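S.K.: Chain order of the listed sequences is A and B.
In terms of the working numbering, the first sequence is residues 1 to 116.
In terms of the working numbering, the second sequence is residues 1 to 113.
No lab work stands behind these hints: they were computed from the structure.
Hints are not guaranteed to be accurate.
Said to hold, decoys possible - A short, non-exhaustive set of chain A residues, derived as facing chain B with CB atoms under 10 angstroms:
| no. | residue |
| --- | --- |
| 1 | Y36 |
| 2 | Q38 |
| 3 | A48 |
| 4 | G108 |
Since the model is a prediction, treat every value here as computed from it, not as a measurement.
C-beta: ideal position from N, C-alpha, C; glycine also.
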Amino acid sequence: GAVVSQHPSRVICKSGTSVKIECRSLDFQATTMFWYRQFPKQSLMLMATSNEGSKATYEQGVEKDKFLINHASLTLSTLTVTSAHPEDSSFYICSATDAGGGDTQYFGPGTRLTVL
Amino acid sequence: GDSVTQMEGPVTLSEEAFLTINCTYTATGYPSLFWYVQYPGEGLQLLLKATKADDKGSNKGFEATYRKETTSFHLEKGSVQVSDSAVYFCALRSGGGADGLTFGKGTHLIIQP
Numbered sequence: 001g002a003v004v005s006q007h008p009s010r011v012i013c014k015s016g017t018s019v020k021i022e023c024r025s026l027d028f029q030a031t032t033m034f035w036y037r038q039f040p041k042q043s044l045m046l047m048a049t050s051n052e053g054s055k056a057t058y059e060q061g062v063e064k065d066k067f068l069i070n071h072a073s074l075t076l077s078t079l080t081v082t083s084a085h086p087e088d089s090s091f092y093i094c095s096a097t098d099a100g101g102g103d104t105q106y107f108g109p110g111t112r113l114t115v116l
Numbered sequence: 001g002d003s004v005t006q007m008e009g010p011v012t013l014s015e016e017a018f019l020t021i022n023c024t025y026t027a028t029g030y031p032s033l034f035w036y037v038q039y040p041g042e043g044l045q046l047l048l049k050a051t052k053a054d055d056k057g058s059n060k061g062f063e064a065t066y067r068k069e070t071t072s073f074h075l076e077k078g079s080v081q082v083s084d085s086a087v088y089f090c091a092l093r094s095g096g097g098a099d100g101l102t103f104g105k106g107t108h109l110i111i112q113p
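Given the sequences, and given the hints that come with them, work out the whole structure.
M.R.: Rendered as structure tokens:
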């Protein structure tokens, strides 16, 4: 089946630093990639939708200057949390749809970000 | 806006018991409905889906029927196994494949031998 990976799986950083999270589709080309955020005991909240080669579309309330998304190729999207603060600590999950057809979203295993 | 409400967990059952996890939704138009499962340490996996009213999605013994009149998509399984222990998420998508999903909070299911 289609596999999506994320790197790193866990990251701890100091307040004020920036952190980059990678999302890769390993065995398919992804037309569209999505970034979600999950707080403890809460549902996944869609942050943004990115299409290869174009600017990401952010959901209402998500700061685009804070969460930079780059979808440079059909197999890679990155989320950079800039000037991270403790309130940015969360579980970040990406998903991707196959450019070859179908609308199923394949999810990565997530990245746990802790900002000290 | 769109929203999904599912029963709070954890839900603890004995092996071979009947399972129901309730899910109701609020959405404009005619959304597609999904159940995802997350096993420990893994990413979410699509379990089943239904794209229009009265459709029944099924997979691995699990079933859910798209009920437009009650805006529900309850997940059922006749006889659960220990290996079914996981977190189950109900979700909807209002638009097409290029749109993101709206999720419920997830239900942690624990099956005891």
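S.K.: Does each hint hold? Answer for all of them.
M.R.: Verification of the supplied hints:
A distance limit of 10 angstroms between C-beta atoms decides the matter here; for Y36 of chain A the minimum to chain B is near 8 angstroms, and the interface restraint holds. The beta carbon of Q38 of chain A is positioned within 10 angstroms of a beta carbon in chain B (closest approach about 9 angstroms), and the interface hint is therefore held. Interface hint status for A48 of chain A: upheld, as the beta-carbon distance to the closest one in chain B is roughly 8 angstroms, under 10 angstroms. The beta carbon of G108 of chain A comes within 5 angstroms of a beta carbon in chain B, closer than 10 angstroms, and the hint placing it at the interface holds.
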